[in-house]
Amino acid sequence: MRFWRKPLDADKLQIPHGEIHIIRERCKGCAFCVEYCPKDVLELSTEFNLKGYHPPAAKNAEACVHCGLCELLCPEFALFVLEKKEEEKGDKSITPCKEVEKVES
Amino acid sequence: MSEVQLKKKKEELEEEHPMEHLLRMERMPHIWCPTCGIGTAVTAFLMALEKSQIPLKDTAIVSGIGCTGRVAGYVKLDSFHSTHGRAIPFATGLKLANPKLKVVVFSGDGDIIGIGGNHFLHAARRNMDLTVVCVNNFIYAMTGGQCAATTPITANTSTSPYGNFEQPFNLPYLAASCGAVYVARWTALDVRRLAKSLTEALQKKGFSFVEIICPCSTLYARRNRLGTGLDLMKFYHDNSVIKHGADLSELDIGFQSKIVVGKFIDRERPTFIEGVNQGLRGVLKEKFVEYGGPIDDD
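If you're matching them up, the sequences are chains D and F in order. Add 3 to a position in the first sequence, counting from 1, and you land on the number used in the working numbering. Add 49 to a position in the second sequence, counting from 1, and you land on the number used in the working numbering.
Don't read these hints as lab results, they were simulated from the structure.
35 Å max Cα-Cα, derived DSBU-like pairs, lysine-lysine:
id: 1; chain 1: F; residue 1: K307; chain 2: D; residue 2: K42
id: 2; chain 1: F; residue 1: K125; chain 2: F; residue 2: K106
id: 3; chain 1: F; residue 1: K245; chain 2: F; residue 2: K151
id: 4; chain 1: F; residue 1: K283; chain 2: D; residue 2: K9
id: 5; chain 1: F; residue 1: K292; chain 2: D; residue 2: K42
id: 6; chain 1: D; residue 1: K87; chain 2: F; residue 2: K125
id: 7; chain 1: D; residue 1: K54; chain 2: D; residue 2: K88
id: 8; chain 1: D; residue 1: K54; chain 2: F; residue 2: K56
id: 9; chain 1: F; residue 1: K100; chain 2: D; residue 2: K42
id: 10; chain 1: F; residue 1: K151; chain 2: F; residue 2: K106
id: 11; chain 1: F; residue 1: K100; chain 2: F; residue 2: K253
id: 12; chain 1: F; residue 1: K100; chain 2: D; residue 2: K88
id: 13; chain 1: D; residue 1: K42; chain 2: F; residue 2: K56
id: 14; chain 1: F; residue 1: K151; chain 2: F; residue 2: K254
id: 15; chain 1: F; residue 1: K245; chain 2: D; residue 2: K62
id: 16; chain 1: F; residue 1: K283; chain 2: D; residue 2: K54
id: 17; chain 1: F; residue 1: K100; chain 2: D; residue 2: K62
id: 18; chain 1: F; residue 1: K245; chain 2: D; residue 2: K88
id: 19; chain 1: D; residue 1: K15; chain 2: D; residue 2: K87
id: 20; chain 1: D; residue 1: K62; chain 2: D; residue 2: K15
Given the sequences, and given the hints that come with them, work out the whole structure.
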């Protein structure tokens, strides 16, 4: 999972960022999200929730690229990712990934 | 616990998951064990349902008994939790009484293939317009881990303490040979591929069958000393091979063997309703009136 090829136009693309929301009290600590996050954003926390499981916590939240795999894999509906609003950089040469997807499809 | 912490917990619980409009949240948390994969399969199904753009009002979901049988209770659609093995006959009746409905059968291997095996064969033979999603965890999980029709050879269950020595069913081969028009198999880890496949199955006219290989941590993994559901997911990651259109007779699953996944069959056949209508129109000529479902009240 760690060997990604870098696209040729990687410097011209604006990578989206996600904001991870964890509903800690609903989690049963299965760690699917921790194991399969391609960016290694999550880890199991040492704290307990009310049920006695260790819910995940974001260890480097900035690395999240809003792929949404953790949200899909979570069997408890306890985790979701929302897109973080990016500030305008004013640099016209950089296109957001979303717009590239629109053109291609 | 301090007041601040309690307030934080309350706020967290009030956050709304994007799938919540399709789930009966008053029944959450669900009964599935930690590291069970059925929740993931449900997420993929709900994503497929949204993607396929079938109106939710015209969708019905039927389940039988078992761990996966609980899905009908958790999904916020018209749903029915039927008796053991009779999910397909109930869905058949529902479809025939109201042909406009999109009927989905979401149940486990023990329910669809074990107890209700005969119904499965005949629904596939008739090409009833149903989408059958079978979550295969290789065991009768809810009733205490008995040996199922899909348990691999040498696997330990509570009714085969020295190992199972019966040949298990090869589900895609069974479905295809009975006449299913869409047959696919994915593991619970291939969420995106599974969602795409389920979208195709929902849009397909006729008997479409999707098998989902799913980890069972409490019974299958524990009795066979395979670790937790997460270890089984890791096993699927390393040992599943994507082979679209593979030779169906080679899709048997042995104990901890390679799992061939993919889309195997996608063909066209007249459905049961089409066949009957066409046949009767030929015999009765202008006397024939086609049944279009109940008359809408609104």
